[in-house]
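Construct the complete structure from the given sequences, taking the supplied hints into account.
Here UniProt numbering is used: the first residue of the sequence shown is 1, the next is one more, and so on.
Simulated from the structure, these hints should not be mistaken for laboratory data. Any given hint could turn out to be false.
[What the hints assert, rightly or not] In silico SDA-like cross-links for lysine to any residue, where the CA-CA straight-line distance does not exceed 20 Å:
no., residue 1, residue 2
1, Lys-2, Met-31
2, Lys-167, Pro-222
3, Lys-167, Lys-248
4, Lys-248, Ala-329
5, Lys-279, Met-198
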Amino acid sequence: MKFSLFVHMERWDESVSHRQLFDDLTELTLMAEAGGFSTVWIGEHHAMEYTISPSPMPLLAYLAAKTTTIHLGAGTIIAPFWHPLRVAGECALLDVISNGRMEVGLARGAYQVEFDRMAGGMPASSGGQALREMVPVVRALWQGDYAHDGDIWKFPTSTSVPKPIQKPNPPMWIAARDPDSHNFAVANGCNVMVTPLMKGDEEVLDLKNKFQAALDNNPDVPRPQLMVLRHTHVHAADNPEGWKVGAKAISRFYRTFDAWFGNKVTPVNGFLEPSPEEKFAERPEFRLESLHKTAMIGTPEEIIPRIKYYQQLGVDEFSFWCDNSLPHAEKKKSLELFIKHVVPAFR
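Have a look at this one:
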């Protein structure tokens, strides 16, 4: 079982500077590397303070210079917002900068609020077309000269400059939920990242079964990797109420996600208030006790058997998702406990 860190700068009010958030993200990444984590993942989001990353590339390039072993994951690049030549070239450049430690995750995008600003209001639901066209084009550009005449992009013979160090190419990942996206990822030789969100471990089993069905549908393709991304908060065993800290924070994160995803209110200077708790009175998945069971919240002794179950299912990588609205000091304590007490159980 590999472990990775999924992290953004997240700002909930103006009391913390962006520079401080940048330093905090760097500290968590260095902790993860020292703790034996395989990869740090940073996604892409626009004009929203609660997940700050207009491009993962400059952040990852900076981290490449600060680290030596951990891989640098662009997870994810939103395909409809990019041109394939930029994706190929920037990813290859990061691979050169990091001496072969680049990994790239591609996604179709989710927030309509971003599509309204970045893609002329095209429906977010149509982003999958760009994703499906992007993947083989980027891989072809990494190999050499290539001309493209597609439904979305058309360009004459060109190539990626520079070329990536990793051969035949850096690992590519697809965020997948439905059977078609699992099939596309496997058929195109891409690793698969899945996110159970607010559902329990039965959802991990369901997503693994979709992944397995895609493997069965593509028997001639070498088996790709499967990663599970989970909100994670670890507390000490001598603090039996510690789970509530994580559950309340993750509830706030998801209520804020709901406000952005709903796209009903105009953000003010990049901020949106979380949707009110009363909105979810009939939604049991938002209750703290439910989040305690679904998110990876608990003591090391409670968390280890759950991750071992994922390992038995065939999950190759567990990603510690630390975006949760908690202050940096709380995130740091949680990650320290995970590194000290959970990681050794898998070594």
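*Taking 20 Å as the top limit, are the C-alpha atoms of Lys-279 and Met-198 close enough?*
holds (16 Å)
*Does Met-31 lie within 20 Å of Lys-2 when you go C-alpha to C-alpha?*
holds (15 Å)
_Distance restraint between Lys-167 and Lys-248, which requires alpha-carbon spacing of 20 Å or less_ = violated (44 Å)
*Do the alpha carbons of Lys-248 and Ala-329 lie within 20 Å of each other, as the hint requires?*
holds (16 Å)
*Under the criterion that the straight-line Cα-Cα distance not exceed 20 Å, is the pair Lys-167, Pro-222 satisfied?*
holds (16 Å)
Comparing the model with each numbered hint stated earlier shows that hint 3 is the single one that does not hold.
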